[in-house]
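Enquirer: Chain by chain, the residues run as shown.
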Amino acid sequence: MKIFATYNIKGGVGKTATAVNLAYLAAQDGYRVLLWDLDAQGAATFLFRVRPRVKGGGKALIRGTRSIDGAIKATDFEHLDLLPSDFTYRNLDLVLDAAKKPARRLGSLLAPLSGEYDVVFLDCPPGISLLSESVLNAADTLLVPLIPTTLSVRTLDQLTDFIGALNGSRPAILAFFSMLDRRKRLHREICEQLPAQRADVAATAIPAVSLIEQMSVRRAPVTAFAPRSMAARRYAELWAEARECSGLPQRSGSSSIPKMPSTPPSTAGPAAASPGIRGARKARASSSSARARLAPRQ
Amino acid sequence: MRSVARQFVLSGDDGADPGRVLKLPGSEFAVSDASRSVTLRRLWLDTFDWRLYHSGLTLEQVTRGGAADLVLTGRDGTVLAADRMSPPRGGGRARARWPGRLDTLPLGPLRDHLGPVVGVRALLPVARAVSVVREARVLNSDEKTVARITVDRMSVTFPAAGTGPTRVAVTALRGYQPQALRVADLLAAVPGVSPGGQPGVEAALMAAGQRPGGYTGKVDVRLSPRMPAPVAMAAVMTALFDTLLANVNGTVRDLDTEFLHDLRVAVRRTRSALKLTGDVLPGGMAARFRPEFKWLGDLTTPTRDLDVYLLGYPEMAAGLVAATPGELQPFHDHLERSRAAAHRQLTRGLRSARFARLGREWPQALAVAATTVTRPPAGRLAAGRIGRAHRRVLRDGGAIGPASPPESLHELRKRCKELRYLLEFFGSLYDPGEHWRAVRELKALQDCLGEFQDTQVQHEEIRVFAAQMLEQRTAPAATLLAMGEIAAGLAARQQRARGEFADRFREFASPAGQSRFRALTGASAA
Numbered sequence: 001m002k003i004f005a006t007y008n009i010k011g012g013v014g015k016t017a018t019a020v021n022l023a024y025l026a027a028q029d030g031y032r033v034l035l036w037d038l039d040a041q042g043a044a045t046f047l048f049r050v051r052p053r054v055k056g057g058g059k060a061l062i063r064g065t066r067s068i069d070g071a072i073k074a075t076d077f078e079h080l081d082l083l084p085s086d087f088t089y090r091n092l093d094l095v096l097d098a099a100k101k102p103a104r105r106l107g108s109l110l111a112p113l114s115g116e117y118d119v120v121f122l123d124c125p126p127g128i129s130l131l132s133e134s135v136l137n138a139a140d141t142l143l144v145p146l147i148p149t150t151l152s153v154r155t156l157d158q159l160t161d162f163i164g165a166l167n168g169s170r171p172a173i174l175a176f177f178s179m180l181d182r183r184k185r186l187h188r189e190i191c192e193q194l195p196a197q198r199a200d201v202a203a204t205a206i207p208a209v210s211l212i213e214q215m216s217v218r219r220a221p222v223t224a225f226a227p228r229s230m231a232a233r234r235y236a237e238l239w240a241e242a243r244e245c246s247g248l249p250q251r252s253g254s255s256s257i258p259k260m261p262s263t264p265p266s267t268a269g270p271a272a273a274s275p276g277i278r279g280a281r282k283a284r285a286s287s288s289s290a291r292a293r294l295a296p297r298q
Numbered sequence: 001m002r003s004v005a006r007q008f009v010l011s012g013d014d015g016a017d018p019g020r021v022l023k024l025p026g027s028e029f030a031v032s033d034a035s036r037s038v039t040l041r042r043l044w045l046d047t048f049d050w051r052l053y054h055s056g057l058t059l060e061q062v063t064r065g066g067a068a069d070l071v072l073t074g075r076d077g078t079v080l081a082a083d084r085m086s087p088p089r090g091g092g093r094a095r096a097r098w099p100g101r102l103d104t105l106p107l108g109p110l111r112d113h114l115g116p117v118v119g120v121r122a123l124l125p126v127a128r129a130v131s132v133v134r135e136a137r138v139l140n141s142d143e144k145t146v147a148r149i150t151v152d153r154m155s156v157t158f159p160a161a162g163t164g165p166t167r168v169a170v171t172a173l174r175g176y177q178p179q180a181l182r183v184a185d186l187l188a189a190v191p192g193v194s195p196g197g198q199p200g201v202e203a204a205l206m207a208a209g210q211r212p213g214g215y216t217g218k219v220d221v222r223l224s225p226r227m228p229a230p231v232a233m234a235a236v237m238t239a240l241f242d243t244l245l246a247n248v249n250g251t252v253r254d255l256d257t258e259f260l261h262d263l264r265v266a267v268r269r270t271r272s273a274l275k276l277t278g279d280v281l282p283g284g285m286a287a288r289f290r291p292e293f294k295w296l297g298d299l300t301t302p303t304r305d306l307d308v309y310l311l312g313y314p315e316m317a318a319g320l321v322a323a324t325p326g327e328l329q330p331f332h333d334h335l336e337r338s339r340a341a342a343h344r345q346l347t348r349g350l351r352s353a354r355f356a357r358l359g360r361e362w363p364q365a366l367a368v369a370a371t372t373v374t375r376p377p378a379g380r381l382a383a384g385r386i387g388r389a390h391r392r393v394l395r396d397g398g399a400i401g402p403a404s405p406p407e408s409l410h411e412l413r414k415r416c417k418e419l420r421y422l423l424e425f426f427g428s429l430y431d432p433g434e435h436w437r438a439v440r441e442l443k444a445l446q447d448c449l450g451e452f453q454d455t456q457v458q459h460e461e462i463r464v465f466a467a468q469m470l471e472q473r474t475a476p477a478a479t480l481l482a483m484g485e486i487a488a489g490l491a492a493r494q495q496r497a498r499g500e501f502a503d504r505f506r507e508f509a510s511p512a513g514q515s516r517f518r519a520l521t522g523a524s525a526a
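Going down the list, the sequences are from chains H and V.
Residue numbering for the first sequence follows the numbering used here, starting at 1 and increasing by one per position.
Residue numbering for the second sequence follows the numbering used here, starting at 1 and increasing by one per position.
Be careful, since some hints might not be right.
[Stated by the list, open to error] Just so you have them, the derived chain H footprint on chain V, three or more residues with Cβ under 8 Å:
#1 72-84
#2 139-146
#3 265-274
[As the list claims (entries may be wrong)] So these bits of chain V aren't anywhere near chain H, every CB distance computed over 10 Å:
#4 V38
#5 P109
#6 H459
[Said to hold, decoys possible] Quick look at which bits of chain H chain V covers, simulated, 3 or more residues with Cβ under 8 Å:
#7 141-154
#8 203-215
Treat the hints as calculated values from the structure; they're not laboratory data.
If you're wondering where the values come from, they're calculated on a predicted model, not measured in any experiment.
Think of the CB as a built atom: it goes at the ideal place given N, C-alpha and C, for glycine as much as any other residue.
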């Protein structure tokens, strides 16, 4: 079982949209997938039309007085289940603080599900807290959406340093650009340069398009209701990168979304300016120090 | 995860209008009906001896459009594991072909689930059907799917053509079981809908006029103590011959090793029946057919011996200490080549005129025996022959000491087999509990003797293989050394079995064990 977490210190950067779409794509690939909506706002829960309620609340789950198993709900999609949000999750930090080994609590709660699920996505609330630390401990791969700005890149550095200072096992990081606005020169430049320079930044960038915003109206992943859209194709490419980063073995079934050639984020720079997945991998491979730091846990 | 909450069948005029049942009149739910039906090609798989069915499992390959999924469900319809069998876009691994062995499936939860149940057996198609399925989603006020209703009109194409009733299933989604049960209650109130229905494979087989679980390798005959002995033995040997014939096709096609195993066991049991009870059969019958079944038994021996070697090979290779598994590979290749040659020989035998003649004449002889009403009755025959075989095992086993030659243990093993077969032939005459206890004690002794003989035979054979490989110049020195290590391991196992024999025999020959046998045979003679 591989655990992915969508995480950023900042809010409103596309964590939930990423978790929901990648979870859907993983399920389409035939993996048995669980998405745990850890955010008290319950956006992922809302998108899957599940009621944001867990019997006993977050306290019962974290303390283990109610089993996670009993709180899981099937979504409308094959192989994809959801552990819903609950408004009491806003106090998860306090509950964790009272638990034994709080930083390892999420990991130990998920461990019994390893026979039932191949992939778990944790959709995290923003911020750095005890819950974040528990998520970082449990996750194999951290998916970090970044808005392509200089400050976001600085945030990634801070996050990398924070994870580097953690005790115990550390997740591999895969940052990617989210809410890319191709009309903005700064967005284009950062998206072209950074993946080639840093091993922990994916080649795929998720565009800022209204179709992704429509997810909250349609209450479904964009990869499900518009599978041939550009946004869906980008998510499929991101999922391919995330899967490879995690070392998750490929399934015999393929994603329902056709893999299209990666189009460059800018019309100014052709293929050389946008290395695509293959080019980025090559660039990442050359950054041996970063590779050593980001090696996924065994 | 889904599980079937309840199943129904449509009957009468309503059976023609599945759309009626998808409306759920008067309910708090909305129904999103996929008005277009989809056509599914369905194929159910099981082993020849129905291991999945007997374990409460159903393995179904569902093909829709170009995509095929292999789905394993439990007794209650819960999906336990599934795998996509179609090749990925842009090429890749081809779809599994059936019949096929488990190692043709990709590694994953499905194979993990199937492995302990299926073992070395191949998965064979047991039924095929084309289903026209209409699925509706039952939605709550958030328009979230809480259950699914499927209406399935199935036309069976294999093993025989047939059409069953239209089946309706309410499927619960995880976390929404109460809602699914409520939907099922609403559905049950719709006119023309009656509760019932079985798993797909059973429904398909029933529509084809068959039932699952039809084959067993065990001696499955019902005898009565007063039945004339020739009639009883004809029934036993008819059942054995049915088993033998049922396994010929799979043996010739080499679908898995157990076809030959079951065929061989049926031959051995028949030979024992002829030897131990042939005197009650019509004149000359035993003398005429004993050489034929000996020929058939001998024909199967080389392939089975090599099968045993190859089945144990992974464990042997993994147990190497000084040598590496790679060094043993030429030995594996030699076994494979020898096995292929032996199987060709076996196939020729099973397609020979001699085997065809046996297939014609043996049932005719059995038909004559089945109408021979002579004494003694079956109960007395069973008691007499089991008692005699039991005394012989006690006598021969008791004479074996630390200095006895290996041949004495081999002879005792044969006597034990004869006793075991007699217990199996006449099992239906006894109290099941007492019979089971007697067989259990004998089996423990047989396991020990079997280990002793198998390791000795394999030890002798590996020397022959080494000589053959040297002659064929296919044995590097490292391989011969690795084979030497295997031979040493076999010798050690044989010694262990020899050491355990005294204790096992003492348990078997204990006063309690003897009185159990006496009680058993006394009961049948009555």
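Enquirer: Confirm or reject each hint.
Expert: The hints, checked one at a time:
Requiring three or more residues with a Cβ within less than 8 Å of a Cβ of chain H, the coverage given for the region 72-84 of chain V holds, as 3 such residues are present. As drawn, the region 139-146 of chain V meets chain H at 4 residues by the rule of a beta-carbon pair under 8 Å; at three or more, the given contact holds. Check result for the region 265-274 of chain V against chain H: violated, 0 residues qualifying (beta carbon to beta carbon below 8 Å, three or more required). The claim that V38 of chain V lies off the interface holds: its Cβ sits roughly 14 Å from the closest Cβ of chain H, which is beyond the 10 Å cut-off.
Not every CB of chain H is more than 10 Å from the CB of P109 of chain V (nearest about 7 Å), against its label as outside the interface. The claim that H459 of chain V is not at the interface with chain H holds, since no C-beta of that chain comes within 10 Å of its own (minimum 41 Å). A stretch counts as covered by a chain when three or more of its residues have a beta carbon under 8 Å from one of that chain; for the region 141-154 of chain H and chain V the count is 0, and the coverage is violated. For a cut-off of 8 Å, the count of residues in the region 203-215 of chain H with a CB near a CB of chain V stands at 0, and the three-residue condition is violated.
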